[in-house]
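Each protein sequence line maps, in turn, to chains A and B.
For the first sequence, the numbering used here assigns the number 1 to the initial residue and increments by one for each residue that follows.
For the second sequence, the numbering used here assigns the number 1 to the initial residue and increments by one for each residue that follows.
There may be inaccurate statements among the hints.
With a Cα cut of at most 20 Å, we get these calculated EDC-like pairs of lysine to aspartate or glutamate [stated by the list, open to error]: (1) A:Lys155 <-> A:Glu136; (2) A:Lys155 <-> B:Asp11; (3) A:Lys155 <-> B:Asp181; (4) A:Lys155 <-> B:Glu38; (5) A:Lys167 <-> B:Glu41; (6) A:Lys155 <-> B:Asp8; (7) A:Lys167 <-> A:Asp116; (8) A:Lys155 <-> A:Glu142; (9) A:Lys155 <-> A:Asp114; (10) A:Lys155 <-> B:Asp163; (11) A:Lys167 <-> B:Glu38.
Simulated coverage check for chain B against chain A, where a stretch passes if three residues somewhere in it have a Cβ under 8 Å from a Cβ of chain A [what the hints assert, rightly or not]: (12) 38 to 44; (13) 47 to 56; (14) 59 to 67.
Honestly, the hints are just simulated from the structure, not real lab data.
From the three backbone atoms N, C-alpha and C, an ideal C-beta is built for every residue, glycine too.
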Amino acid sequence: MTDLVARACDGDEDAFGDLYRAHAGRIFALCLRLEADAARAEELTQDVFVHAWERLRTFRGESAFGTWLHRLAVNVVLTSRRSTWRRTRRVITAEDPAIFEQAADSPGPGLRLDLDQAIAALPAGARAIFVLHDVEGYQHGEIAALMGVAEGTSKTQLFRARRLLRKALER
Amino acid sequence: MNCDAARDLIDPFLAGTLDAAGRRDLEEHLATCPACRETLEDATALRPAAAALPRSIDPPHDLWPAITRRLSRRTSRRAARPRWQSVALAAAAALVLMAGSSALTLWVVRERGTPRAASGATPAIEAGYVTATADLMRALDAERGRLAPATVATLERNLAVIDAAIAESRAALAADPGNRDLEALLWASYRQKVALLQQASRLAERS
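Go ahead and model the full structure; you've got the sequences and the hints to work with.
In structure tokens form, the structure reads like this:
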């Protein structure tokens, strides 16, 4: 455990501020790619660091602080999605099933996209699995456990996401 | 080898972790399966591009001042304010809505005509609400220990009121299937339950 992390674990808010400055970009990038919404990503980044501050006492230094924080961030984003957005969406979906297939932000036809823009336009479930697997390097078993889906679903959604991305990028 | 087994091997193949026998089996399958070849092409195109994305993106704003404010607020709130107030307010609103809903159900049954639902989608819609509220209840149960006992008691009391309204609407609908006014009342009750559970979950998460 580094001196900075040890000081933060002891309640030193200045040390925790230094940790925020060192890791905010990494956490914001993760939240932004998972949620495809900059304002929401800012809120979630705040949530991650508030949770991290409260749970620092549970950090044992068995992994690097950055790894621990990253895993915490994935949990915060997915828990937030499970407890609010996804369920609300499921309720709406029950009355309008077509919404399941709607992309977060469908680009106009013929628009040339870069990869991050194309990822943002994926349906939310496929987007999360693509980001966790292909960008962040999680395995299907880990993703299935984190998202509460079957491992086969994770694989199917990954293939689907890649197909949609390739089509979008080749337009 | 079938397509599912072949697709399981595509990522290990591209990562160079597939053994010689696996490579041979995959290549034999790919030679005869255009769909899996396309899946391989998707992965070949996307994996390196995804791995090359920047791992760090600076937030548009410095979030640290807001984070420190939240840390301070949480500390002072724990000391100063009874946490059940927000839920109690929401629950009071739920009680008012449900009392109105109950009266409306009676009025619809007794006085109104019976506009018919055209879609016949009632069971599917209700199943969606039932799943959503069950998911929320499970999430809330996991966090219930973080709420004050008074909050939990208020929440449970008002959930019981909403459930009674749901049961009443369902009974009325069973006697008059396809009545769209009754369906609208039933969905309103479910939406209120979802909203109350979501608010309680958010409160528990912040506690």
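Right, here's what the structure says about each hint:
1. A:Lys155 <-> A:Glu136: holds, 15 Å
2. A:Lys155 <-> B:Asp11: Cα-Cα ~10 Å, so holds.
3. A:Lys155 <-> B:Asp181: violated, 43 Å
4. A:Lys155 <-> B:Glu38: holds, 15 Å
5. A:Lys167 <-> B:Glu41: Satisfied, since the Cα-Cα distance of roughly 12 Å is no more than 20 Å.
6. A:Lys155 <-> B:Asp8: holds, 8 Å
7. A:Lys167 <-> A:Asp116: Status holds; Cα separation ~14 Å.
8. A:Lys155 <-> A:Glu142: Given pair Lys155 (chain A), Glu142 (chain A) holds - Cα atoms ~12 Å apart, limit 20 Å.
9. A:Lys155 <-> A:Asp114: Violated, because 24 Å separates the two Cα atoms, which is more than 20 Å.
10. A:Lys155 <-> B:Asp163: It is violated: about 39 Å lies between the C-alpha atoms, which goes past 20 Å.
11. A:Lys167 <-> B:Glu38: The given pair, whose Cα atoms are some 12 Å apart, holds under the 20 Å limit.
12. 38 to 44: holds (count 5)
13. 47 to 56: holds (count 8)
14. 59 to 67: Since three or more residues must qualify, the claim that chain A covers the segment 59 to 67 of chain B holds, with 7 doing so at under 8 Å.
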